[in-house]
Every structure is written in C-alpha cells, then in structure tokens.
Amino acid sequence: MVETLVLIEHDRRQVKRPSLHAITLAQQLGGEYALLVLGHGLDEIAASLVSYGAAAVIVADDPALAEPLADRYATVIAEVARKRGTKTLLGTSSTFSKDVLPRAAALLDAPMVTDVLAIEEMDGSIAYRRPINAGSMLATVKVEGDRRVLTARATAFEAPAANVAVCPTERFLFDAASLPNGVQFISREQRASERPDLTESRVVVSGGRPLRDPETFERLVGGLADALGGAVGATRAAVDAGMAPNDYQIGQTGKVVAPELYIALGISGAIQHLAGIKDSRIIVAINKDPDAPIFQIATYGLVGDLHQIVPQLIESIRRG
Amino acid sequence: MTQGQSVEKILVPFKSVPDPYAGAAASTSKSVINPFDEIAIEEALQIRERGEATEIVGVTIGAPAVDEQIRAALAMGIDRAVRIDDARALDPYAVARILRALVEKESPQVVIMGKQAVDDDSNQVGQMLAGLLGWPQATFVSKIEFLENKTRARCTRETDGGLEIVAINLPAIITTDLRLNEPRYVSLPGLMKARRKPIETLTCEQLGVTVRPMTTTLSTSSPTRRAAGTRVGSVEELMAKLKQEAKVL
Ligand SMILES: Cc1cc2nc3c(=O)[nH]c(=O)nc-3n(C[C@H](O)[C@H](O)[C@H](O)COP(=O)(O)OP(=O)(O)OC[C@H]3O[C@@H](n4cnc5c(N)ncnc54)[C@H](O)[C@@H]3O)c2cc1C
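Protein sequence lines correspond, in order, to chains A and B.
All residue numbers for the first sequence refer to this note's numbering, where the first residue is 299 and numbers rise by one.
All residue numbers for the second sequence refer to this note's numbering, where the first residue is 9 and numbers rise by one.
Quick caveat, the hints were computed from the structure, so don't treat them as lab data.
It is possible that some hints are incorrect.
In silico DSSO-like pairs for lysine-lysine, Cα to Cα no more than 27 Å straight-line [stated by the list, open to error]:
id : chain 1 : residue 1 : chain 2 : residue 2
1  : B       : LYS17     : B       : LYS158
2  : A       : LYS586    : B       : LYS255
3  : A       : LYS314    : A       : LYS381
4  : B       : LYS158    : A       : LYS586
5  : B       : LYS251    : B       : LYS201
6  : B       : LYS201    : B       : LYS38
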C-alpha cells in the first residue's frame, strides 16, 4: 500500500519540472509515496524519476495512452489508486492535472482540493490552505472520507532533491481495449521557442493592452525578455487582442509564476492578473498612469511611456 | 458545417458569484452569473441561433436569492430554467452529484458550463460530472463545432502548451474558457420577456439524490500584502536599483 500517489507530467521527451514540486507536498504529508507516469514510450522519463525518495515509480505505458485524453487517463489513474490503496492522489496545478484529476476524483468517489499552498495540523487531522477569489483570500479547508485528490501550486512548494537511492520501476498492466474511447485527439499547436518555460524562468517580462499588436509585443516584451534571458508573459487583454498566444496568459485563469524578477509593461494590475504574480520576489512596473494599481504592489515603479522606456532599458542592459 | 438534425437539448449549469469586477469590496457587492458560465450560456444561444440546437435549459443550485441571476440568464435567451433549492455551502463534488441527477432527468445531448467559478476557483465540477456520467469531456474550450450529424463535436482547448484540438462523442460535457465568445448584454425587452418564462424549483429529494459536502471551509484569511515599493525616476535609477539593491541583474 502506498499512502500517496503523485501524478507526474511530461512532454514526451522529459518530465515537466514543475510537476515534481508535488513530491515535496507528498513528503510533508508523510508516509510512503509512489510516482505515477502515463503515456507511451516512457522508459527514459521513468528512469529520470527513480531517485526522488518514492517507494516506486509506476509506469502506465501503452499506445492507447500516447495522448493525454481525460477519459482514458482518469480511468487508469483511478485504477492504480484503487489497487494501491491510495489515500491521497496528488498532482501539480496545471491544465493537464485540472483536466484529468477531478474526473479521477469522481471515479474514486473522493472530494478534491485545488491549488493547495500549504498544509496545517488541525485537531489531529490535516487541513489544506488554498487561494480563493482570485487569490484575494485564503481558505483553510478540511476533507472527509478515506480518499482525497489534491493539486499543489508549484510556486508554493520547493523542487524536491533527487538524491536518494534508486527505487524500483513497476509497469502497471491494464486492459487497453476496455478503456473509454469518447475523446479523440486531432492536433496540437506546435510552437518552438528558444525562451525558458514561463513557470520555471528566473525572469519573466509581461505585456498588457498598450502593446497594440503582435509585432510591437514581440519587439518590446520579447526584446526585453531576451536581453535578460527571461520568459514572456501577457495579460488577458493582450491575449484576447491576439498580441500573444493563450499559453502566455498569467493570472487567475492562466499561469501562476513566482520568478526572481517580474517586469510588468503597460499592465494596470487587475486583481485577476495579480493572482498570478504576487509571489514574485521583485516586481518592476512601467506604466504611464501614476495611479495604476500595479504600483501598489511593485517593488520598483517607473511612470512613463513604455514605447520610449523599454528600448532604453534594452539598450542599457545590452551595454551591461 | 454538417447539416441535418439539431441537438435537441443543451443544459447549461451556472453559478451565482460576487461581481468579480467589484474589486476589494467583493463581499459586499452584488451577485452576477459566474463569467465563465455566462460564456457557456452565450455559446448555447449562438448554437441555437445557427439552427444547431432546439432547446436550452439552465440550471443553478441555491436559495431563492439566485432567482435574480436566473432571470438574467432567461433574459439572455435561454428557454427555461431549473433552480435546485439547496442553500448549503456545497463543495464541487456535491454540486457534480446533484447535477448528475438533473442530467439524468433532462437527458441533454450536450452540457456546456464554465471551467471554474471565480469565487471558489476550484475548476472541478464539469470534469467530475463527466466522470460520474461516464461521458466524454472537453475542458477549457475556446471553439466548438458539431460534426457528423451532431453525433460528435470538435473542440479547441486552451492548454498550458498552447491550443489542442480534440473530437468528442456526444453526449458530452464541455467547459468554457474566456476566449470562446463575448457574452451579449441583456436587453430591457429581454428582461421583460424573461419575467414570463418559467423557473422550475426542485429539491434534492425530488431529484432523488442525497449528498453531503465532504469539504468544509474552516476559516478564511487575507494573504500577507506585498509592501508598496519605491518609485524611480529614470531607466538609470531603475538599473541601479536592480543591480545594487535587489541584486537580480
Ligand atoms: C473571470 C475573469 C478572469 C480573468 N482572468 C485573467 C487572467 O488570468 N489574467 C489577466 O491578466 N487578466 C484576467 N482577467 C482580466 C482582468 O480583469 C483585466 O481586464 C486585465 O488583466 C487587464 O489587462 P491589462 O492590464 O493589459 O489592460 P488594462 O487594464 O487596459 O491596462 C493597461 C495599462 O497600460 C497602461 N498604459 C497604456 N498605454 C501605455 C503606455 N504607452 N506606456 C505605459 N503604460 C501604458 C495604462 O495606464 C493601463 O494601466 C480576468 C477577468 C475576468 C472577469
């Protein structure tokens, strides 16, 4: 029996590093934990997971799992959890786990807590702290029942160390022919980028509505990010206007980041955007409106027109 | 676009939430339809207006006070609405179990609902409902097209890695993302007409479902605020701060 089962995410070539942060929560919960990966052709990915202190790495590897289809994945995940007597099924908050884990929770007849930030001891049982209302409030919740499903906010838990003796890898065998077949994969947008991953980067530069069009956005936001070796993010307004792709969106309904340095260019600081950046160490805001709410949380604020300031800033960084 | 018979019924579950545009005073502000659910309602209306669906039924769970948001949904143009009379603080799994009972009663071909409620931010109910029913799901959807005589739908999903396209067999659950559409404004004649549309009230007992929430909120608190920082007067001053004070460059 393993108390906790941690769902690990990958992009077929390698493990997505933020998904490892859930292991740290598993360690805080105590007891044995196993890691679970699903997909096809997982040998190398599984091999990269053996020294995180787990009791086992469980691998569900089959052509039927080549694409992360929610109905199949949830079925297999729930089956593993049931067979292993899992009490806590755990993943990291991402669109992948938010698609698959609530469905698995329903199959396991278990309640779920999204976006866990921390755990607390309360009258001998565990309570979970999570953000609500776009992060403007924190709720402490407890759950009943023998099983629960959680997703952990990657930014709230450190990356685990891979320094423990190698654990066994076990193949989970299941009947692929009996899996649901109601969702068919058609295609995925392929966009190669040289830039670091938004949720892992040390520096993030984001742009808002006044960036106007994709070219200006790329030249100023992309240009500053490249000068700093950082990633590029955007507000909902910028994504809605077609300046940036959807996966650049940061905030309540987009990604959550906590880099060393976050630079907000022409961003008003709506609560839904702040929900995704509040835990950044240093926040720089450049905005022409001295009363923009972003200045209330920025470490350094510079009032002015970004179209003039950003090229100067890029130039100044390039000079060193 | 395939012609042929239309989807008979679309079910749109929606939640009443504090107005997300009200800012810090949210707890004292008025309630609105959860923005993602409003997008779900709009999508159902557009599907019906294209002649691809016949009836749109809305459902919400709550005390009589949520009738105001039901009227707003009727004014947008849904055909009829059900309020499940339950004033308890329900968790997503309880909501999903109640909705399953209603889906079994109404037998829609498609359920369209918001991906998350902006008060609780859980992002669970649609997926749980799909799991309970054993129906296919497409979550975080920014485009819907029906295929093959409305037996399948092709959905574009917004994921962490960009856009993904899947096809789902109907009946199915679809959850909406922000960019699916721009919800219409409620017109005054729409509001007048909505007064005459029926709101059916059902209890969990009448639906034959007994649920007890398994999640309880013990307390809420305000997160620690970031201290307001300093203003700098120039690019040079900013660079100096980042290098010497913050030491990030
Ligand atoms: C349900 C819901 C979910 C949402 N989720 C998200 C989310 O996940 N992420 C998100 O970002 N938003 C989200 N939003 C939207 C959010 O409320 C704001 O509308 C959005 O963040 C505003 O984006 P913005 O700052 O780019 O635009 P604006 O609010 O229009 O601000 C633009 C800013 O640019 C400044 N400016 C203009 N010209 C210049 C110039 N030349 N130089 C310098 N500054 C200039 C202006 O002074 C202004 O402060 C959500 C909203 C809702 C209702």
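These are the hints, each one checked on the structure:
no.	hint	result
1	B:LYS17 - B:LYS158	holds (12 Å)
2	A:LYS586 - B:LYS255	holds (26 Å)
3	A:LYS314 - A:LYS381	holds (26 Å)
4	B:LYS158 - A:LYS586	violated (50 Å)
5	B:LYS251 - B:LYS201	violated (63 Å)
6	B:LYS201 - B:LYS38	holds (23 Å)
Consistency note: the structure conflicts with the earlier hints numbered 4 and 5.
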